[in-house]
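K.L.:
Heads up: the sequence lines are chains F and P, in that order. Counting along the first sequence from 1, when you hit position 340 you're at 340 in my numbering, and nothing is skipped either side. All you need for my numbering is the position in the second sequence, starting with 1, plus 1000.
Keep in mind that the hints were calculated from the coordinates and are not lab data. You may find that some hints are simply not true.
Unchecked claim - So, partial list: chain P residues that the calculated Cβ filter (under 10 angstroms) puts toward chain F: (1) R1278; (2) G1471; (3) G1475; (4) R1491.
Note that the coordinates shown come from a computational prediction; the quantities given were computed from them, not determined experimentally. The beta carbon of each residue, even a glycine, is placed where N, CA and C say it ideally should be.
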Amino acid sequence: MAFLELDGLTKSYGSLTVVKGVNLSVDQGKLVCLLGPSGCGKTTTLRLIAGFAPANGGEIRVGGKVVSSSRGTVPPEARNMSMIFQSYALWPHMTVFENVAYGLKLRRMPQSQVTELVRTILTATQLIQLADRYPGELSGGQQQRVSLARALVIKPEILLLDEPLSNLDANLREEMRFEIRRLHDEFRYTTVYVTHDQAEAMTTADIIVVMNDGRIEQSGSPEDIYERPATEFVARFIGGTNILSGTRNDKESVLCQSGLVLRCGNGTADGTTKTAVSIRHHDIELSTKPNGANTNTTIGTVTRQIYLGSHRDYLVSIAGGEMVRTVAPVNVAIPVGQEVWLHFPPEKCRALAQ
Amino acid sequence: MTSIAQVQGRRSGIDLSWPTFALLSLILSVLVLLPLFWLAFYSFRSDTGGGATLDNFIALVADPTLLRAYGLAIAMALGVGLLSCVVATPMAWLVARTDLPGRRIIRMLVTASFVTPPFLGAIAYEILAAPNSGLVNIIYRSVFRLDSSQYLVNIYTFGGLIFAIACFTFPYVFTLVANALDKVPSDLEDASSILGGKSMTTLRKVTIPLVLPAMLAGTLIAILQALTMFGSPAILALPAGFHVITTKIWSLFQFPPRLGLAAAAALPLLIITIILLRAQKSILGRKGYTVLGGKSGTPRVTELGRWKWAAILFVFSILSLTILLPYLAILKTAFTGTVGDPINLSTLTLSHWRFVLFEFSATQLALRNTFLLGFLTATAVTAIALIVSYLVTRRSVPGSRFLGVLATAPVAIPGIVLGVGLFLSYANPTFQLYGTIWILLIAFMTIELPAGYQQMSSAFSGVHPELEEAGRIMGASRLRTLWDITAPLLRTSVVAAWCFVFVGTIRELSATILLTTANTKLVSVIIYDLNESGDLGAICVLGIILLAASFAVVFVANRVPVLGGSQMNARG
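Excised from the complex, chain F in its bound form (with noise of 0.2 angstroms):
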């Protein structure tokens, strides 16, 4: 059994419903990453989860209790779980000492201990010459880092973080990430984690879960998310894509608007009549000449091309007037205007229900 589980949750706020009937499995010591746009309801279901909002439906269950229902909300206090705030919410009036020692004091452990296992946690997190410090005379990366350090010493049943990388900058966000997955390494927590960034949910993640409108869209690997979206709006959402819609043509092939017959290599294109194929920008192929196979081949005319440094980025307009976006090396240059064939292979083709 799931060690947390979220079953059928629903949240609304007046008419507006903004978790629609969750469910998902966390098993004991996974990393979970709840990813989606803004307004996608991730960070009222970690709220949820958190115990600072009740729910309007379904149930959350750790190790097989519940703890929130409609019935009746376990408060925050009593889940021994700990959580990493967007805005890393450390208290202003203490120093870092006193903000990590505090969840300690609170379950009454004896004074020699809660200044050991801080000092062992704030060494941990190269925090340890700081200790006397306030909040307000801290870098926003070693905030982040108290913040982390405090969450953690109380050795919480479930880790929950919100954005917790939303406030620093590019070059600190990329170290936080990798430090956030090897300390998880270490401690082995049952981790919650919203973002809205692919990178670092593909990072830190050993799920992750898309989330749209309140719902659950698909949860996998990383892999499982980037190879094998299930919809259209995971496979935009997780690296980009292109979409090309139509109809199901066979078994195995699908027959987009501008004439052309896609054989797609995986995903579902039966069910539906209307249906569409994902290939990824970088996997179509780009010639000047037609490179010689008959099928999952066009042509089109270059309207946009933009030299990025480590390869160059094209905008093909194909028959029908549909956009297809694609890259190509550095040493593929080829100017606006002119003709070039474009090959999708089958394989790369995934065809999605719609």
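For chain F, the structure is supplied; the task is to place chain P on it using the hints.
P.N.:
For chain P alone, kept in the frame of chain F given last:
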């Protein structure tokens, strides 16, 4: 274990939030809505027969003395507003935007004049500018060797009244405009200069339009203060032989009382107040002026050059008229035998102090009542405001916004109107609160609630909710979080709010004057009574005691950071 925690959690949710919400709704409704209800009820009730009638409203339109009182009050208020604006705006500009020496001290002095109770200022001007006994006129006569019928200035006139009130309302305009000027970012002015605007053009076309809302808003507040003021008109207008509306309402309470007419006469004042406050809010809330919220770059400073001395003279004369002369007059009167005595060793005396502190029977009771009520009001209002703003800003109970509206509403109820409403609500056989200090406590709580609530709710919105949530998720209960985290972060604001309410309470007169009796005299009322008997020396002693208490409290509040002090010290 989880199931036990679950039960406790559910119980504490019901036990604390909802009963608190219900209790506060009840208290606030009683404080705010009940007096307004009785006010409306009595205005439709005949004073003679007791039946329902429109006579009171007909009298309001037909009675020339009432109409005249309203007309004079409005004219006086407009005059005060205009004078305050004309004096305060250039002064605010000089202090905020020029290299005038001593800007920081000027700001502190102007802020200090906020603390002066207006009625004390009016009395100071009686001492200075009464036609016969006024110090200015005595000096004038002795210098020019004129006979006793001659005088230079007379405060017992319509103009004198406007002047005396404006002395104590111009800080509203000054503070708003100076703060607005602090916040107009210099890049807006630089943009004008780079396009070729000379400094006077920039001032006229950019800076002044940007602070115009603050100017208008401050002027409206000054108008409102003047319109609803009781003390100064009662001291200066009655000897001059005319009534404004507040003194007229008070006179309707004299024997034989005409309560229904008083209620009907108070209602238009309430409506005018609401209109003025709405106007002020809409002026300050206009989207185009959002620059007043942000800050970018330091404001530019204009060098006065050869105008410096003229500016110093202007500011010094304003400060003399509003602060130095009144305070000196009060000090002199407190320590010399009679107002007209010259100051030398033989005239210096402590007899007024002896009289006030040991001989005059009413003083000790009044001092005790005043400070007791100040203490009780400040404590009760701060506590209520704290809980209401917690419920409102943290939205822990649906519908808590309603509490915020109730707590803000009294800002639109002038003191004298509230006094009438409370008299009608509680001076009856059911409650029998008239003649006790409890009716005064209710009045002061209602009057001071908006100020306390405003301070506390802005303090709460400065505490990020995640700071409290962090406490909860680390394992602290709601109360423990409030105690360990919220309370220390709010401590300074709570102290500030308490002091603010205390100072406001001990100087209140306009509601008090209708609700006080011989057993429940307050210092402000004693001062008013002594003025009727012409005992200025004793008044000045009492005034000094009130001011000393106020300044002591403000001083304590300023020692605590985050208060007005830091705002003032931000730039000098």
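K.L.:
Please verify that hint: R1278 of chain P, Cβ, nearest Cβ of chain F, below 10 angstroms or not.
P.N.:
Because about 28 angstroms separates R1278 of chain P from the closest Cβ in chain F, which is outside the 10 angstroms limit, the hint is violated.
K.L.:
Given a cut of 10 angstroms on the nearest C-beta pair, is the interface hint for G1471 of chain P held or broken against chain F?
P.N.:
Since chain F brings a Cβ to about 8 angstroms from G1471 of chain P, closer than 10 angstroms, the hint holds.
K.L.:
Does R1491 of chain P hold up as a contact with chain F if the rule is Cβ-Cβ below 10 angstroms?
P.N.:
holds, 9 angstroms
K.L.:
For the hint on G1475 of chain P, just tell me whether its beta-carbon gets within less than 10 angstroms of chain F.
P.N.:
Holds: closest Cβ of chain F sits about 4 angstroms from G1475 of chain P, inside 10 angstroms.
Violated hint: 1 only; the structure is consistent with all others.
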